[in-house]
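There are 2 protein chains.
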Amino acid sequence: MTNYKLALLGFGNVGRALAELLLRKQEELKREHDITFSVVGIATGSKGRAIAPAGLDLPVVLQTVQGGQSLEQFSKVSSTGSLEFIERCGADVLFENSPVNYETGQPAIDHIRTALNLGMHVATANKGPVVHAWRELKDLAKSKNRQFFHESAVMDGAPIFSLFRGALPAAQLTGFRAILNSTTNLILTRMENGDTFDAAVNYAQQIGIAETDPSGDVDGWDAAIKIAALATVLMNAPLKPQEIDRTGIRGINPAMIAEARAQGKRYKLICTAEKKDGKITGRVAPELIPNTSPFFNTEGTTSIVEFKTDVLGDLTLIESDPGPHTTAYGLLADFIHAVK
Amino acid sequence: MTNYKLALLGFGNVGRALAELLLRKQEELKREHDITFSVVGIATGSKGRAIAPAGLDLPVVLQTVQGGQSLEQFSKVSSTGSLEFIERCGADVLFENSPVNYETGQPAIDHIRTALNLGMHVATANKGPVVHAWRELKDLAKSKNRQFFHESAVMDGAPIFSLFRGALPAAQLTGFRAILNSTTNLILTRMENGDTFDAAVNYAQQIGIAETDPSGDVDGWDAAIKIAALATVLMNAPLKPQEIDRTGIRGINPAMIAEARAQGKRYKLICTAEKKDGKITGRVAPELIPNTSPFFNTEGTTSIVEFKTDVLGDLTLIESDPGPHTTAYGLLADFIHAVK
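Note that the protein sequences, when read in sequence, are chains E and C. Using numbering that gives the first Met the number 0, the first residue of the first sequence is number 0, and each one after it goes up by one. Using numbering that gives the first Met the number 0, the first residue of the second sequence is number 0, and each one after it goes up by one.
No wet-lab data here; the hints were simulated from the structure. This structure is a prediction, so every number in the text was calculated from the model and none was measured.
Now the in silico label distances, taken between C-beta atoms and shown as ranges: (1) GLY207(E) - GLN105(C): 55 to 61 Å; (2) LEU117(E) - THR35(C): 36 to 42 Å; (3) MET255(C) - GLN262(E): 27 to 33 Å; (4) ARG23(C) - ASP33(E): 38 to 44 Å; (5) THR211(E) - PRO253(C): 54 to 60 Å; (6) GLY322(C) - THR211(E): 46 to 52 Å; (7) THR35(C) - HIS32(E): 30 to 36 Å.
Every residue gets a Cβ at the ideal spot worked out from N, C-alpha and C, and that includes glycine.
For reference, chain E alone in the conformation it holds in the complex (with noise of 0.2 Å):
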C-alpha cells in the first residue's frame, strides 16, 4: 500500500469535483487499487493557497470554498504564488487544472514543468499544454520516470488517449470526424427550433455555456484546439491550431437550416483529421449530415468522434451528459494509470 501525496492547482469546478470524487472513491481506491491519498496542498484562484503536509480536510476545504472563505487559515506552509506552490507542496502528483492561454498555453505549460522536474506525476484537463507543449512534456516526465497524462483535455472523462496508449496496441490511426464543441452544437439546436443566431448566442451565454466573447467557439477555435490535441498525441503530427483549416458557423443562417432540414439533415461543426499520403491535415467546418449518421442525433453538450485505424472498421465513441464530474474522473484515472 502506497500513500500519495496529492496537490490541486486550480480549484473551481472541476478541482472541487475532483476533491469530492477523491472522496466518494477513497475506500475503492484503497480495497481495489492498494492506493491511499493524503492531499496536502490546495490553490484556489480567489480564495487563497493552503499547504498542509500533514493532509488537509477535503470535506472542511469543500465546505470552506462554498462558504465564500479563504483556504489561508488551513495552511502550514506560505506560497508567494503558483510556481512557489508547487515547489513547497511536497506533493507525489499535481492536478494541474488553473486558467490558460490557449495561444500560448500558459501559465499550465510552466506550472507543469516545474512539476516534473520536481519529480512528481502531473495530470491535467487543459489542453493548452498539450497542444504547445506535449512533446516536450512528455520526453521531460519520461526523463524523470514520471508520467504526463490528460485524459480530460478532449472529451472530458471519455477514455480517448487511454484508449490507443493502451487498449489498441499496435492500431495506427488514419483519420477521425468528431463533434467536439457543446455550444455551437447547442447554438445550431436553437437554430433549428427558430431562434437567430444572435438569439442562439444569447442563450448559450445566459445558460453558462458561451462566454461573454462567444469566438473562441462560434469561429471554430475551441474545435481546432481540440482537433490539434488529438492529432498530435494520437497521430503523432504536432498541428497548431493556426494550421487547422478552419470556418466557423457564422455563416448559417435560418433559411440555410430550413432547407437543411426539408432534405432531412442538419448542419453540425465536424471536426476532422485525416493522413493522406503520409500527410495529416485538420479541418473545422459545418457539414451537412444525414439522419442516417450517429452524429446527426449527437446533441447539446454530448460529443462524438468516429476513429479510423487500420485494424477496425470505424469505431466510434459517444460521451453523454459532460460535466465537472466527468472531467474530474479523467484527472482520477489519470493518477491511477499513473500511480499504476
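Guided by the hints, dock chain C onto chain E, whose structure is given.
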C-alpha cells in the same frame, strides 16, 4: 527483444485472418513493441495439424490451406488430436478459435485449461469458455502467472473488455444496453423493406450470416450468451444464458413493423443488463427505438453498446464493418497485452 512461439488452434476465417495480420504487423511489433514471434503450430479442422519447433512459413501455410491441401506435410512433430497438439506444440501463446458448443463451452474450455496448465498465455474469440468457465480459467491463469484474454468474444475486435480492464479504472459498470446480434438486425431491416420473416431469414442464410437452423439468432440465444459474457466479466455477475430473460424476434410481424415506421420508430433486438438493489439481471427482447437514439441507425452488422457507470454519463461504442480481420485484431491485441 523477446521471441514468442505462437500456436493457432482453429484455422478458419478468423485463424487465417490472424495469420495475415501477424504478417502485416510483424515489423511494427518488432519496432514499436519489442516483440518478435514464430508460429510453431497450426491445427485446422479439416486440413490437418502441423507442429514445427523452428517455425512455420506463414505465407506458404496460407497458400497451402487456400489451395485445399493438408498442412501435415510441414509437421515435424505428430499429434493425434487437439489436446495432444497443445501439449506438443511448445508455444508460449495459444490462440484458441476452434468450433465451440455454446451449451457447454467445450472443447474450448479443455483446450484453454490444458494450455494454461502448460504455462501458455491464451487468447480466444470464443464466447463459450467466457460464459461457462471464466472464473476458473482466470484463476488458473493467475496461479500460473499467465493471462487468459478474450477481447474478440463480444463485438469482435472493439476494445470492450480492455476498456474496463485498463482505460476505465475505478469505474463501476452499473448496466448496459446493446445491439449485439447482427443476424436479427439484418432480418428486421429486411422486414422493414417489405420482406416477410421467412424471406428475411432465407436472405440472411443465403449471404452466409444466418445458420441453417436460425434459432440461435432469432430466438435470442446468441444475444443472451453475449449478455452473459459481458455481465460475467465486466459486472462480476456470472449470469448464465438460461438466466437471461429472453424474447426473440419471431413475434414481430410486418403489421407491427409498419406501425412502428408510422411512428418514426424501429424494432431492434436490445440486450440489457442492469444492477438494481445489488442484483444484476439480463434481458434480451425486441424494443421500439425512437429515431433520436443512436440505436435507431445501427444497421446490418454494426454493433453498439451503451455503458452506464458510476463516474461518467452514458458512454457509447459503435463498431462498424466487423469481420474476421477485426476479430483477428482483438486476438492480436490480447497477445500484446498478455506479454507486455
